[in-house]
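Residue strings, one per chain:
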Amino acid sequence: MNDFNTVIEISNLNKRFKSIVAVNNLNLKVLKGDVFGFLGPNGAGKSTTIRLLLSLIAPNSGTINIFGNSLKEHRKMILARVGAIVEKPDFYNYLSAYKNLEILAKISGIEVKQTRIFELLELVGLKERYKSKIKTYSHGMKQRLGIAQALLHDPELIILDEPTTGLDPFGMKEIRDLIIRLSKEEKKTIFLSSHILSEIEMIADRMVIINKGSTIVEGDVKELLNTDSLKVIFEVNDIDTSKSVLENTKWYKKITSITGNNLTFTLEQNEISEINRFLVEKEIAVSAVIPKRSLEEYFLKITSEAN
Amino acid sequence: MLTLFKIEFLKVFKKWRTYIGFIAVGVLVPLVHLAMYLEGQNSLDFITRDLQNSFLLVGNLLNGYWISYIILNVIAVHIPFLITLVAGDLLAGEATAGTYRLLITRPISRMEIIISKFLAGFAYSALLILWLAIMSLGLGLVIFGAGELLVVRSELIIIFDKTDVLWRFLLAYGFAILGMTVVCSLAFFFSSLVENAIGPIITTMAVIIIFIIISAIDVDIFRMVKPYLFTNYILKWRDFFNDPLDTNQILNSIFVLSGHIITLFGITAIIFQKKDILS
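Here the protein sequences line up with chains C and Y, keeping their order. The working numbering numbers the first residue of the first sequence as -1 and each following residue consecutively. The working numbering numbers the first residue of the second sequence as 39 and each following residue consecutively.
Calculated directly from the structure, the hints in this document are not laboratory data. A hint or two may mislead.
So, partial list: chain Y residues that the calculated Cβ filter (under 8 Å) puts toward chain C [said to hold, decoys possible]:
#1 Leu42
#2 Lys53
#3 Arg55
#4 Thr56
#5 Ile142
#6 Val190
All of these numbers come straight from a predicted model, not from anything done at the bench. Here a beta-carbon is modelled for each residue, glycine too, at the ideal position from N, C-alpha and C.
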């Protein structure tokens, strides 16, 4: 059942391509204001799901409700409130960036002022190249323009499929900051599919991991990542002394591996500082503490279990 | 809808391939005019050599009308190939470029997309024929002036008074637009099936060539099929140069060609409505 707070609700969604099952009884719910991480290994059905959400393809069965309305029955009304990047950013190569945005605005049925287009081009760092034809753009520039076109009509829901692909680290950070700003300040709902797990970990509130077209786990990012204990690597200056001081302590049995000068422990969150203090007191220099308990590990664990 | 049509029209005319047809006509037709200016009288004498034995031909027979009629006869068969270059790209071009995603994720219906694209293809076809009319008839009248039109058929010769010709040309060009719209519809239909523009262009050309060959070979089995081939009706613009005008035959041709357009567009629309966009 839809409530006011639900932006996307997918129920028992199925999509087959001949004998290949791309989406298999998928269920998920995206709440208003969420930055919703959409994860899954290659071929898990992420892009197919996004195409279904945007009515690029039709499901074999199941329902998609967006803003509380059936996508099938209220497609135009829904798409007027949705901005999206689907896979790689493609534009009309023989037109300029400005002309592309102008055309897309007109197709969207909105009166977009020249200033709005320049504002968006400035936001994504392409204002200087507004006259250049897209065929002269790099992949990263097209990706930025993809973000601009998704925001053109000021949508409430933004669906981003790998938005930072092809960007340099500086550009990736800019886009991440933009997503956070859109979510926090402009209260947009963001549906974010990404292969960069640290990105999801950094900016998503809730997430779903899918595999073979089905939901494996869905929930609050922080809650999901806190369900198990953490793996933490302590990089020490003297591995032999470290081993001997740790022997006969409660910490020793928590060591999961020793590699070079690295001691890897399985710990609870509050134990990290405790063990660090213990090592320092024993005059062992700890040059780095690296938590390994990340989304990447969680993702690998969850998806390999499902396989 | 008008906005969408304008956008599609702009997209068509921002592509280099669109101008190939205009350039081809723009180069070829003046060349024919030049050749006629230099050698036209010899050509006319050759065509009328048997007539001159029995009749005295007076007046300006080497005129803009006659040359335009010759050009239309020769070029009209080749114009479909220029139409397919653009029409075959209308839908498949979006798939190749990946821009279907931009279009279909906007708040417009697929039917609006297909109608606006088809209208852009129709506008291109009409403009190309209009350009042919300007280059052949317009330029021909400027260079050679008006005069009686001599139409030589296998069984008869008709000479139209110069005051009785222009309207026939206008209707013939109008009919040619209808014929080229069938070609446009066929290429548009093939364009909806694939994700690369080369396929629809080659397939449409292949269909036209096969149909023309079947129409040209005079054997019983092909004679039976001939009334069902649209290529057979595309050249029926010549019916406007009959005296008297066979209105029923012209209306029948218009009906058949319009039927082709409606059917091909209808099938394309159904395919496009159900198409999964995977490009």
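Here is how each hint holds up against the structure:
1. Restraint check, Y/Leu42 versus chain C: the minimum CB separation of about 7 Å is within 8 Å; hint holds.
2. With a cut of 8 Å, the hint placing Y/Lys53 at the interface with chain C holds, because the nearest CB-to-CB distance is about 6 Å.
3. For Y/Arg55, the suggested interface contact is broken, since its CB lies about 10 Å from the closest CB of chain C, more than 8 Å.
4. Of the supplied interface hints, the one on Y/Thr56 is violated, with its beta-carbon coming no nearer than about 10 Å to a beta-carbon of chain C, more than 8 Å.
5. Taken as an interface hint, Y/Ile142 checks out: its beta carbon lies about 6 Å from the nearest beta carbon of chain C, inside 8 Å.
6. The interface hint given for Y/Val190 is broken, as the beta carbon of that residue sits about 46 Å from the closest beta carbon of chain C, more than 8 Å.
When each numbered hint is compared with the structure, violations occur for hints 3, 4, 6.
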